[in-house]
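Top line first, the protein sequences correspond to chains A and B. Residues 1 to 578, numbered by the working numbering, are exactly what the first sequence covers, in order. Residues 579 to 698, numbered by the working numbering, are exactly what the second sequence covers, in order.
Cross-link-like lysine-lysine pairs, in silico, BS3-like; alpha carbons within 25 Å at most:
1) B:Lys598 x B:Lys622
2) B:Lys652 x A:Lys528
3) B:Lys598 x A:Lys397
4) B:Lys598 x A:Lys376
5) A:Lys485 x A:Lys466
6) B:Lys652 x B:Lys688
Ranges of calculated distance between the beta carbons of each label pair, as one might list FRET restraints:
7) A:Met474 x B:Asp683: 34 to 44 Å
8) B:Gly637 x A:Arg331: 49 to 59 Å
9) A:Ile447 x B:Glu599: 56 to 66 Å
10) A:Asp427 x B:Ser624: 49 to 59 Å
11) A:Lys380 x B:Gly637: 29 to 39 Å
12) A:His383 x B:His696: 31 to 41 Å
13) A:Asp452 x B:Leu697: 54 to 64 Å
14) B:Leu615 x A:Arg483: 36 to 46 Å
15) B:Glu619 x A:Gly531: 15 to 25 Å
16) B:Leu697 x A:Gln444: 53 to 63 Å
17) A:Met356 x B:Glu619: 29 to 39 Å
18) A:Gly531 x B:Gly637: 19 to 29 Å
Which stretches of chain B does chain A cover? Using the computed rule of at least three CB atoms under 8 Å from a CB of chain A, they are:
19) 586 to 595
20) 677 to 689
Derived by calculation from the structure, the hints in this document are not laboratory data. Where is the CB? At the ideal position from N, CA and C, for every residue including glycine.
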Amino acid sequence: MNPVDLLGKIIEISHSNLDLSSRLSAILNIISQDMQFEEVLVYTLDKDKRLTCRFMNPKSILFKMLNQYRCHVGEGIIGSVAQKRTPQYFSIKDISPRFGCLFYPELDGLLENYRTFSFLPLADDSYIYGVLVLCSVSKESLQGPERILLSILSREIGGILRSFELLLSSKKRISELAMLSELGKVLISNVEPHELIKNIALIIAKSLNATFVTIKLEYVLLKLDSQRFTYGIIDSSIQDYIEQLEQSAVKLLRPASLRNSALDQFEGTFKFTLYSAPIASKNRVLGTITICGEKTTQPHILEEDGQYIINTIANYISSGLENTLLNTRLRDVVRELTDAQKRLIEQEKFRSLGEMTANIAHEIKNPLVIIGGFTKRLAKRTHHEPTEDKYINIILKEVDRLETILNEILNYVRESPSLADECNISDFLDEILYLLSTDNSWEQIEIAKDFDPTLPAIPCDSQQLKQVFINILMNAHEAMQGRGKITITTKLVSYNNQPFLSVSLTDTGGGISPGILDNVFNPFFTTKEKGTGLGLAISHKIIANHHGHIDVENILGKGVTFTVYLPLKNNSTKEEFL
Amino acid sequence: MKNLRVLVVDDEENIRLLFKEELEDEGYAVEIASNGLEALEKLKNSNFDIVVMDIKMPGMDGIQTLNAIKNTNKDQPVILCSAYGEFKQDFSSWVSDGYVVKSADTRELKQTIKNILHLQ
Ligand SMILES: Nc1ncnc2c1ncn2[C@@H]1O[C@H](COP(=O)(O)OP(=O)(O)OP(=O)(O)O)[C@@H](O)[C@H]1O
Ligand SMILES: [Mg+2]
Numbered sequence: 001m002n003p004v005d006l007l008g009k010i011i012e013i014s015h016s017n018l019d020l021s022s023r024l025s026a027i028l029n030i031i032s033q034d035m036q037f038e039e040v041l042v043y044t045l046d047k048d049k050r051l052t053c054r055f056m057n058p059k060s061i062l063f064k065m066l067n068q069y070r071c072h073v074g075e076g077i078i079g080s081v082a083q084k085r086t087p088q089y090f091s092i093k094d095i096s097p098r099f100g101c102l103f104y105p106e107l108d109g110l111l112e113n114y115r116t117f118s119f120l121p122l123a124d125d126s127y128i129y130g131v132l133v134l135c136s137v138s139k140e141s142l143q144g145p146e147r148i149l150l151s152i153l154s155r156e157i158g159g160i161l162r163s164f165e166l167l168l169s170s171k172k173r174i175s176e177l178a179m180l181s182e183l184g185k186v187l188i189s190n191v192e193p194h195e196l197i198k199n200i201a202l203i204i205a206k207s208l209n210a211t212f213v214t215i216k217l218e219y220v221l222l223k224l225d226s227q228r229f230t231y232g233i234i235d236s237s238i239q240d241y242i243e244q245l246e247q248s249a250v251k252l253l254r255p256a257s258l259r260n261s262a263l264d265q266f267e268g269t270f271k272f273t274l275y276s277a278p279i280a281s282k283n284r285v286l287g288t289i290t291i292c293g294e295k296t297t298q299p300h301i302l303e304e305d306g307q308y309i310i311n312t313i314a315n316y317i318s319s320g321l322e323n324t325l326l327n328t329r330l331r332d333v334v335r336e337l338t339d340a341q342k343r344l345i346e347q348e349k350f351r352s353l354g355e356m357t358a359n360i361a362h363e364i365k366n367p368l369v370i371i372g373g374f375t376k377r378l379a380k381r382t383h384h385e386p387t388e389d390k391y392i393n394i395i396l397k398e399v400d401r402l403e404t405i406l407n408e409i410l411n412y413v414r415e416s417p418s419l420a421d422e423c424n425i426s427d428f429l430d431e432i433l434y435l436l437s438t439d440n441s442w443e444q445i446e447i448a449k450d451f452d453p454t455l456p457a458i459p460c461d462s463q464q465l466k467q468v469f470i471n472i473l474m475n476a477h478e479a480m481q482g483r484g485k486i487t488i489t490t491k492l493v494s495y496n497n498q499p500f501l502s503v504s505l506t507d508t509g510g511g512i513s514p515g516i517l518d519n520v521f522n523p524f525f526t527t528k529e530k531g532t533g534l535g536l537a538i539s540h541k542i543i544a545n546h547h548g549h550i551d552v553e554n555i556l557g558k559g560v561t562f563t564v565y566l567p568l569k570n571n572s573t574k575e576e577f578l
Numbered sequence: 579m580k581n582l583r584v585l586v587v588d589d590e591e592n593i594r595l596l597f598k599e600e601l602e603d604e605g606y607a608v609e610i611a612s613n614g615l616e617a618l619e620k621l622k623n624s625n626f627d628i629v630v631m632d633i634k635m636p637g638m639d640g641i642q643t644l645n646a647i648k649n650t651n652k653d654q655p656v657i658l659c660s661a662y663g664e665f666k667q668d669f670s671s672w673v674s675d676g677y678v679v680k681s682a683d684t685r686e687l688k689q690t691i692k693n694i695l696h697l698q
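With the rest of the complex left out, here is chain A (with noise of 0.2 Å):
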């Protein structure tokens, strides 16, 4: 075949269809039997900067020997070919060739049967893809078209290289893009947090092709169920090195990988590599990705750049993360504020059916303590026939049996004082002295307020809690003649050992004169003209009922200090109510 010929079936070859492996093995297998080479072999460049004997003619019988070693470039022939880019050529007469970072006696043996011997770099302009060696038993030298055929046809087979090189980056990323799309859907979706990181870790291992993928969750803004979700089977004896790849990723902040090699006893069972990166958002750090990579003997997609592919997912899905696991809370927060707005209306409804029921309880009353009444009197002043005594006898059953009836619902639906309502003292207070603010008579008070701002809320009848400081604050105000000062303090205090929420409420209106501090809560004592002496009682009695109390501190000449104690809600049977 002429050299024309020879480059036109070999373009047409690595133009075709073929997969790699056997276009080139067919255009070795011409260059091998147009040309006289015994051996025609490709060499590749991998990423770790070793080349490795790949491809060769079908008749080759060094293939076999020189596929089981790898050289570094830069050694030997084939190394130095790759390193300087430039041919080499040797006969037999010249040198022993050393292929690459060995001699090997039996390669040595061989090597005697051939008579030249051709090093090719397979490159381009920037770029360096392998090396083309070329035996042959026949030739004793090359000349110089022959020379350059072969580099002409060393460049056809680097293209190919090339390209093929370009197909696999492209597909990888292609399918890195595909996934991320997917990602990037799942994020947006609105689904519940725990079905988006099972989707996640779904999508992530599916794309990838990897043994299992598994999502921790180290900040938790939700009531998850679980904290790991993963996709895929965990084998029991990687279990620890997981936990401790995690940890390093969340300790480095940035992804941490653990190679098979590091591994030496699962050699032969079970070869892994796994990848841990700190999912991380705002500084905080969400949680951890990982995901294991089995080896196989096709080379995996995370073999080469792991750290870099799982670094970008863990990026590309943190904020999205952050962002559902807000909103879910938001979400929460919503529904519960809902339920609790539904739960108040319920609760307005059932006062007022309550109040109804009573009313209507309070009007049937009257009638039947009358027909009572009148029937006991009627079976009393007269005499009757047995069958008379035996009717007046069951009116005033049923009567009875009404009576009692009715005193139930009386009782149940208005029971005082009901501790239903939640409350938070300090925008009570606020609600109170606004409310008293609205009268001009209060204009020349001052109130300093001295809130405790952590103070729970407490469960009280908030009308009659009401009743109680605006009864104090009255007197205050009336103490002062309408011009003076009052100071409002609550916090946190501590009474029998029991925690107890305290407001005071000083005034400046000269005090009470000792003789009659004794009798400010009894009823009816007042000192005032149009007084009942009733406002203090009552007050006294609803913090009673409250299961607190109000203590007097007096200052002859300066003021009186009213503090009223509420307890806390009692922790052992506190309602769950948000």
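Could you slot chain B with the ligands onto chain A? The hints should help.
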């Protein structure tokens, strides 16, 4: 013995009648009033040993009347009477001397009056 005087205050005519007859059977001299103001008027003009008063009345209710009575005469015994059992614990009624749940069975009322007036 001079009859002890009872004032029954209730807005319901037949209740007044029932209580009046029941108490008269017990030997009391009973007068009636149909609202708070009328009761205060009667109390101003004559003395009663005890007042039996409904709580729920239109206009001036039993509690207000009770307060007004006690303001004028702290020692005037008053028994509150209502369909509501729970007023027994209510702060507004505990200033009264007694509390009776209205019932066709008037024994509790009669007993409460006796207790307050230290009879028997
Ligand atoms: N802040 C105060 N400074 C001085 N004296 C006070 C103060 N608070 C209460 N007192 C005294 O205690 C008495 C009883 O108070 P209470 O509130 O029980 O009845 P009142 O104010 O007289 O009448 P009302 O029932 O109309 O409020 C008052 O008359 C007053 O002498
Ligand atoms: Mg007062």
